[in-house]
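Participant: Numbering (our numbering), first residue to last: 230 to 357.
FYI, nobody ran anything at the bench for these hints, they're computed from the structure.
Any given hint might turn out to be false.
As the list claims (entries may be wrong) - Here are the computed lysine-lysine pairs in the DSS-like style, where the Cα-Cα straight-line distance is at most 30 angstroms:
1) K248 - K347
2) K332 - K248
3) K287 - K336
4) K336 - K277
5) K347 - K332
6) K307 - K330
7) K248 - K320
8) K320 - K347
9) K336 - K347
10) K336 - K307
11) K320 - K307
12) K307 - K332
13) K347 - K287
14) K330 - K347
15) K347 - K277
16) K277 - K330
17) K347 - K307
18) K332 - K277
19) K320 - K336
Said to hold, decoys possible - Okay, the calculated beta carbon distance ranges per label pair:
20) R312 - S335: 25 to 35 angstroms
21) L314 - V351: 34 to 44 angstroms
22) K347 - S315: 36 to 46 angstroms
Here the structure is a predicted model, which means the values were calculated and not measured.
Think of the CB as a built atom: it goes at the ideal place given N, C-alpha and C, for glycine as much as any other residue.
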Amino acid sequence: MSFDNNSEIPQMLPMLPVKDTVVFPYMIMALFVNREAPIRSVEEALEKGRLIFLATQKDITEESPTPESIYEVGTVAKIMRMRRLSDGRVKILIQGEGRAKIKSFSKTTPNFEVAIEKIEEVSSLSGP
230 MSFDNNSEIP QMLPMLPVKD TVVFPYMIMA LFVNREAPIR SVEEALEKGR LIFLATQKDI
290 TEESPTPESI YEVGTVAKIM RMRRLSDGRV KILIQGEGRA KIKSFSKTTP NFEVAIEKIE
350 EVSSLSGP
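Using the sequences plus the hints, can you model the full thing?
Facilitator: Written out as structure tokens, the structure is:
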């Protein structure tokens, strides 16, 4: 699934605030989630089609981010795998699907859920 014109990306997605990381479309990476609210976002995403919105926190030391402390542009990602670790953390393998912008926060407790708007990718390839 990618952000082409044929794909259906829900307008509402659970959101995972990430620290000190920016995920780009098509990028595959592992993320460790150790806070209760973000773990709930991961669980909710797994129940609703595996898509989650990743947005970077402005202050990486903040343990309980607010909507104002999260960048509004982020990446819709697909959770490919999820594993619970013995120390209570969750490890997820995600693949970036496309860029999107937060239109509004529909829920901030117990976890974030956001209304998003796709950002169309502009091709930098131009024919001769």
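Participant: Work down the list of hints and note, for each, if the structure agrees.
Facilitator: Hint by hint, here is what the structure shows:
1. K248 - K347: Cα-Cα ~22 angstroms, so holds.
2. K332 - K248: Roughly 21 angstroms between the alpha carbons, so the hint for K332 and K248 holds.
3. K287 - K336: 19 angstroms, holds
4. K336 - K277: 16 angstroms, holds
5. K347 - K332: 10 angstroms, holds
6. K307 - K330: Roughly 16 angstroms between the alpha carbons, so the hint for K307 and K330 holds.
7. K248 - K320: 15 angstroms, holds
8. K320 - K347: Cα-Cα ~26 angstroms, so holds.
9. K336 - K347: Measuring from Cα to Cα gives roughly 19 angstroms; hence the hint holds.
10. K336 - K307: Judged against 30 angstroms, a Cα distance of about 20 angstroms means the pair holds.
11. K320 - K307: 14 angstroms, holds
12. K307 - K332: 20 angstroms, holds
13. K347 - K287: Satisfied, since the Cα-Cα distance of roughly 21 angstroms is no more than 30 angstroms.
14. K330 - K347: Roughly 6 angstroms separates the two Cα atoms, so the pair holds.
15. K347 - K277: Holds, at roughly 18 angstroms.
16. K277 - K330: Holds, at roughly 20 angstroms.
17. K347 - K307: 15 angstroms, holds
18. K332 - K277: 20 angstroms, holds
19. K320 - K336: This hinted pair holds, its Cα atoms lying about 24 angstroms apart.
20. R312 - S335: 25 to 35 angstroms: Given range 25 to 35 angstroms: holds, Cβ gap about 28 angstroms.
21. L314 - V351: 34 to 44 angstroms: Taking Cβ atoms as reference, L314 and V351 lie about 39 angstroms apart, which means the hint holds.
22. K347 - S315: 36 to 46 angstroms: With a Cβ separation near 38 angstroms, K347 and S315 satisfy 36 to 46 angstroms, so the hint holds.
Consistency with the previously given hints is maintained throughout, with no hint failing.
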